[in-house]
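A.B. asks: Sequence:
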Amino acid sequence: MNASPRHPTDQAAEENERLVLTGLLPPPPVPGLAPDRALPLKQALLAEAAATEPSGRPATRAPRCRRPAVRFVAPAVACALAVGGVVMVDRTDAPGPATPAAADGGTTRAPEAARLLDRIALAAAGERRQTVRADQFVYIESRVAYAAQSAGGGPVTMPPAHTRQVWLSADGSRPGLLREAGSPDTGLAADGPVDTLDGPGATPRPGRLNASGPSVSSPTHAYVASLPTDPDALLKRIRDETRGQGRDPDQRAFTAIGDLLAETWAPPRVGAALYRAAAKIPGVTVVRAATDATGREGVAVARTAHGQQTQWIFDRTTYAFLGERTVLAEAGDAGPAGTVVGTSAILTRAAVDRTGRTA
Numbered sequence: 017m018n019a020s021p022r023h024p025t026d027q028a029a030e031e032n033e034r035l036v037l038t039g040l041l042p043p044p045p046v047p048g049l050a051p052d053r054a055l056p057l058k059q060a061l062l063a064e065a066a067a068t069e070p071s072g073r074p075a076t077r078a079p080r081c082r083r084p085a086v087r088f089v090a091p092a093v094a095c096a097l098a099v100g101g102v103v104m105v106d107r108t109d110a111p112g113p114a115t116p117a118a119a120d121g122g123t124t125r126a127p128e129a130a131r132l133l134d135r136i137a138l139a140a141a142g143e144r145r146q147t148v149r150a151d152q153f154v155y156i157e158s159r160v161a162y163a164a165q166s167a168g169g170g171p172v173t174m175p176p177a178h179t180r181q182v183w184l185s186a187d188g189s190r191p192g193l194l195r196e197a198g199s200p201d202t203g204l205a206a207d208g209p210v211d212t213l214d215g216p217g218a219t220p221r222p223g224r225l226n227a228s229g230p231s232v233s234s235p236t237h238a239y240v241a242s243l244p245t246d247p248d249a250l251l252k253r254i255r256d257e258t259r260g261q262g263r264d265p266d267q268r269a270f271t272a273i274g275d276l277l278a279e280t281w282a283p284p285r286v287g288a289a290l291y292r293a294a295a296k297i298p299g300v301t302v303v304r305a306a307t308d309a310t311g312r313e314g315v316a317v318a319r320t321a322h323g324q325q326t327q328w329i330f331d332r333t334t335y336a337f338l339g340e341r342t343v344l345a346e347a348g349d350a351g352p353a354g355t356v357v358g359t360s361a362i363l364t365r366a367a368v369d370r371t372g373r374t375a
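The numbering of the sequence shown is the working numbering, which starts it at 17 and goes up by one.
Source of the hints: derived by calculation from the structure; they are not laboratory data. Glycine included, each C-beta is placed from N, C-alpha and C at the ideal position. Where hints are given, some of them may not hold.
Said to hold, decoys possible - So the derived label-pair ranges between C-beta atoms look like this: (1) D151 with P298: 37 to 45 Å; (2) A238 with R259: 21 to 29 Å; (3) A238 with A347: 23 to 31 Å; (4) P298 with A164: 26 to 34 Å; (5) G260 with D369: 31 to 39 Å.
Sequences and hints are given; from them, build the entire structure.
C.D. replies: Right, dumping it as structure tokens:
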């Protein structure tokens, strides 16, 4: 039996008719997930997204101190509290154009920084930890290293990272303690005398570091716990209390928040507000890969100013704060772009009953 071949136009007409009739049918039912299946699936998807953002590639999972503004050689914050100590106040903080940093993971634009900081804030807000009593000390152990440069200039040299332990009175009423490997123990008096230098070569002028009480620049735990949890109000407080510490208000605010993150133990809601306040500072970016002083690799929130980029490093999965790093953003006498001039890693935070105790 011979059948005449179908003309291509007939096939096209049938296909169009089939598509029209299909469009008139109701959509097929889509089975839903029971609540006990939906939640684990959502958590798995969020974990996968966190592991690949913002770098766009699977992450290497990592386990889990206020600084005088001395370029290249700043030991962290509590050193400034030592009786008879010296505080260098950098008055060269003039605003300047942002410089792309030669970070090992590359830098991305500000909107991504805001999204990352929001995720970090959510993680900080959900953190559970012990309460710090007014009569206790906040104990923080870290590994730190800061580069040094000879008086004649030339490339900086970075020593090996060393252990740093600090005990700070929660309400500021009792002397604290600073203990660093290779140095004698230093008592930290909240109202101890210091010699302030307005710049290199300036004549020291005597004063008292905390003469006016705790502040963003000289915080106690009780002070940090009392900070506003509204990001706008908190950022205004930080800008107001750091006024006069340099002419770049955005970098002042970013540095102050970094100091609070590095060597205080903010309550969860205040910690979350600090991250959200940082997201409102112009020029904040994301560095896709950065390592802390112990080699833990994570993602960093960063800001570049005056030839240096300051990075806050976070675990890619938990968003826990790992530490800080400062790198040269441009080549110069001190070294090529990307040269690390300061690094730290937070190892332990705890509330203890007296100095010298670690738990």
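A.B. asks: Look at each hint and say if it fits the structure.
C.D. replies: Evaluated hints:
1. D151 with P298: 37 to 45 Å: holds, 41 Å
2. A238 with R259: 21 to 29 Å: holds, 23 Å
3. A238 with A347: 23 to 31 Å: violated, 44 Å
4. P298 with A164: 26 to 34 Å: Holds, since P298 and A164 (Cβ atoms, about 32 Å apart) stay within the stated range.
5. G260 with D369: 31 to 39 Å: Since the Cβ atoms of G260 and D369 sit about 37 Å apart, the hinted range of 31 to 39 Å holds.
Of the numbered hints stated above, the single one contradicted by the structure is hint 3.
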